[in-house]
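**Student:** Residue-level listing of the chains:
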Amino acid sequence: MTDTTSKAPPAHARHATSSPRRRPGRGAPPTRSWHDHPLRRITPWLFLLAPLALLITFTYIPVGNMIYYSFTDWDGVSPDREIVGLDNYTQLFTRPELFRVFFVSFYYLAASAVQIVIALYFATVLSFDLRFRNFFKGILFFPYLINGVAIGFVFLYFFQDGGTLDSVLSWFGVGGDHAWLGDPESANTSLAGVSVWRFTGLNFVLFLGAIQSIPGELYEAAQLDGASRWQQFRHIIAPGIRPVLSLSVILAISGSLAVFEIPYIMTGGATGTSTFVIQTVKLAFQFNKTGLASACAVVLLLIILVVTWVQRRLVPDDKVDLV
Amino acid sequence: MRRKPLSAVLLATALLTVAGCGGGGSSSGEAATAPKDPEKVSGTITVLTNRTDLVQDGTMKKYAAEFEKTYPKATVKFQGVTDYEGEVKIRMNTDNYGDVLLIPSVIAKGDYPKFFAPLGDTKDMEKNYRFTGKTDVGGKTYGIANFGTVNGLVYNKAVWKKAGITDWPTTPAEFLDNLKQIKAKTDATPYYTNFKDGWPLSSPWTNSIGSVSGGADAYADLATSDKPWTKGSELNVLDTLLYDIVHDKLSEKDPTTTNWETSKTDLAKGKISSMLLGSWAVNQMRDAATKAGENPDDIGFMPVPVQKNGTFSATMLSDYQLAVNTHSENKPAARAWIDWFTEKSGFAAKEGGVSALTSITFPDVLKPYQDNDVKLVERSEARTVQVDAIDNAAEIGLAKQDYRQKLIDIARGAQKGSLQGYFDELNKRWAEAAATAGN
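Protein sequence lines, in the order shown, are assigned to chains C and G.
Residue numbers for the first sequence follow this note's numbering, beginning at -15 and rising by one.
Residue numbers for the second sequence follow this note's numbering, beginning at 10 and rising by one.
Treat the hints loosely; a few may be bogus.
Under the rule of at most 20 Å between Cα atoms (straight-line distance), these lysine to aspartate or glutamate pairs were calculated in the DMTMM-like manner [said to hold, decoys possible]:
#1 C:Lys266 with G:Asp92
#2 G:Lys98 with C:Asp64
#3 C:Lys266 with G:Asp46
#4 G:Lys437 with C:Glu81
#5 G:Lys123 with C:Asp161
#6 G:Lys123 with G:Glu77
#7 G:Lys262 with C:Asp167
#8 G:Lys71 with G:Glu352
#9 G:Lys166 with G:Glu390
#10 G:Lys258 with C:Asp167
#11 G:Lys123 with C:Glu169
#12 G:Lys166 with G:Asp307
#13 G:Lys118 with C:Glu66
#14 G:Lys258 with C:Asp57
#15 G:Lys262 with C:Asp64
#16 G:Lys425 with C:Asp167
#17 G:Lys359 with G:Asp307
#18 G:Lys425 with C:Glu81
#19 G:Lys118 with C:Asp64
#20 G:Lys425 with C:Asp64
#21 C:Lys266 with G:Asp307
#22 G:Lys123 with C:Asp57
#23 G:Lys376 with G:Asp176
In case anyone wonders, no lab produced these hints; they're calculated from the structure.
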């Protein structure tokens, strides 16, 4: 704060000397206006001060710290730490078992694909005039509003031996004797299912918003031309929501790589459900390898940036022009 | 142009803050001693505790009131921390982590002098206190045990009797036979692993190291061992027992959805026949039995089913240790609280634990051990630092649940592998880590 104000007078002085040169070009009025007041130059910064301070304190400094830790052997609590250079990164890339957990992400990636399809289907259906439309919208969006920890616990009971899922299945005469979280394949599928249940609502709302921003006349015109619902979807809706669709894909990929909450709460990473983030947390807080864990986090950040970049390259974000 | 100075200032501030975060507090190394005259003890102290239940139900307040009667000028405040390990570890990066706290297990022993005030010379302290070895650094003691706990199996006597078993099993094989008998003759789950909550797989089993050989140094010896899972070794016997229990389907059907809180009531009601825990758990189970309307005397306590030369051995080790923050401004009051809490509060006995004071005898919970001549082994902490360093470097986690969860997964066929293959892998990882760390 003090820095900004002390900078102000010289800024004004500098401005005064340069003003004769600039004025004719700009065509500014000859009288000294409020526009030239030094305060005006600071005002945007004053407005930005609070968000910038928050952004720097809570995002950039911690990230900077994390990058710094990734070059040390810090254990997370000791006052002493040594700089070890690229040691942590070398270790990370020479230990294949640290990357093996990324296979688990494929379950979530597959789940994301299912999730996008479901969300797209419901968004399309509910964008047309239907009875109880808002009610269904509410139902679909509701899971996203629930706290992740609560969802973890709810589904823990759901998958329990003799729990909700087993009892529901037994009504239909299907033998409910399967330990849902019992083996890696079934556990990962179950957990990915929970994630679909949770995040479909978000995708749905994004799609619905995009679909509703398509002008209504287009549908009308299409109907007059005798287009079926599928044709309307294929030629109006699908191109109309392409930017949102590509955003969803980016979110799905980065989300699948960084799954954490649900498996951590429900299985704690046991039975082959450990993800890269769970592994990072365990390295940092169980084995006190904060340095190595920070390196993992940096690598994950880079992987996600690269994936996003590649994706943007393959599918450029063109302006959509329906008309 | 105009924008640059400001962003430069912001960047500089950011860098300064980063640099500022780097430094750690230095300690004075001044010992925390309590003056003889209680009138001279003054100030307000903050006590960090993991027992949020006792803070909430006012038990801690009652202790504080008693304390303040003896020390009228001192005031005690409590902060119950639910995620004790995680939260206090982060707070210890600052100077503000209470006046009295329980030493988090993640703090390396060698760092104790940086964080805590010494309480006295170990050679003087060990005459009056048990478990001083755990916090001895360079001849000084930095913590006094909350209480000690003795390992063993908590079991439901009524269930065992119903299955026709009256004597304690003396070998792992006999124990497995007993569990099979229980499975055949009663409805109870013979053994409950608490797989989901995890910690009942870590500390109770790892704390039992020493029960097989009956040696106090069993845990310390891990520091020099290349292959801790070799046949006949402590870890081999214990982990094989756990493997066999699960492999023979003597544990709960779906381990992935277990629940610790319910398991207490289930054991009290006879739905579960046994769990490996520690003496601290007996009173909790008895409470659960009373609440469920069952007979609390049905809850029994027996040693790990291994005998050496005809006697059982049970390891005894300290729970959390109370320490004084080296940055505390009221060290005398903090020390006075620790002394009062260990000597006068009766906390240890109430928790079914062994008091830190050598002058106080064993609690009632341990009566069956004394009646049956179970040898109590106080675990040597001489090489705990090295063992922990190897363990962390190997990322095995003897005190974490993950490796035994994997053992159970292998035992019930959820993950590929064999017991011997897994032991070989653990041995290999341990040996590799031992070569680089811990020496």
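**Student:** Decide, hint by hint, whether the structure agrees.
**Tutor:** For each hint, the structure was consulted:
no., hint, result
1, C:Lys266 with G:Asp92, "holds (15 Å)"
2, G:Lys98 with C:Asp64, "holds (15 Å)"
3, C:Lys266 with G:Asp46, "violated (48 Å)"
4, G:Lys437 with C:Glu81, "holds (15 Å)"
5, G:Lys123 with C:Asp161, "violated (55 Å)"
6, G:Lys123 with G:Glu77, "violated (30 Å)"
7, G:Lys262 with C:Asp167, "holds (13 Å)"
8, G:Lys71 with G:Glu352, "holds (16 Å)"
9, G:Lys166 with G:Glu390, "violated (34 Å)"
10, G:Lys258 with C:Asp167, "holds (16 Å)"
11, G:Lys123 with C:Glu169, "violated (47 Å)"
12, G:Lys166 with G:Asp307, "holds (5 Å)"
13, G:Lys118 with C:Glu66, "holds (18 Å)"
14, G:Lys258 with C:Asp57, "violated (43 Å)"
15, G:Lys262 with C:Asp64, "violated (47 Å)"
16, G:Lys425 with C:Asp167, "holds (10 Å)"
17, G:Lys359 with G:Asp307, "holds (19 Å)"
18, G:Lys425 with C:Glu81, "holds (16 Å)"
19, G:Lys118 with C:Asp64, "holds (14 Å)"
20, G:Lys425 with C:Asp64, "violated (41 Å)"
21, C:Lys266 with G:Asp307, "violated (39 Å)"
22, G:Lys123 with C:Asp57, "holds (18 Å)"
23, G:Lys376 with G:Asp176, "holds (16 Å)"
The earlier numbered hints that this structure contradicts are 3, 5, 6, 9, 11, 14, 15, 20 and 21.
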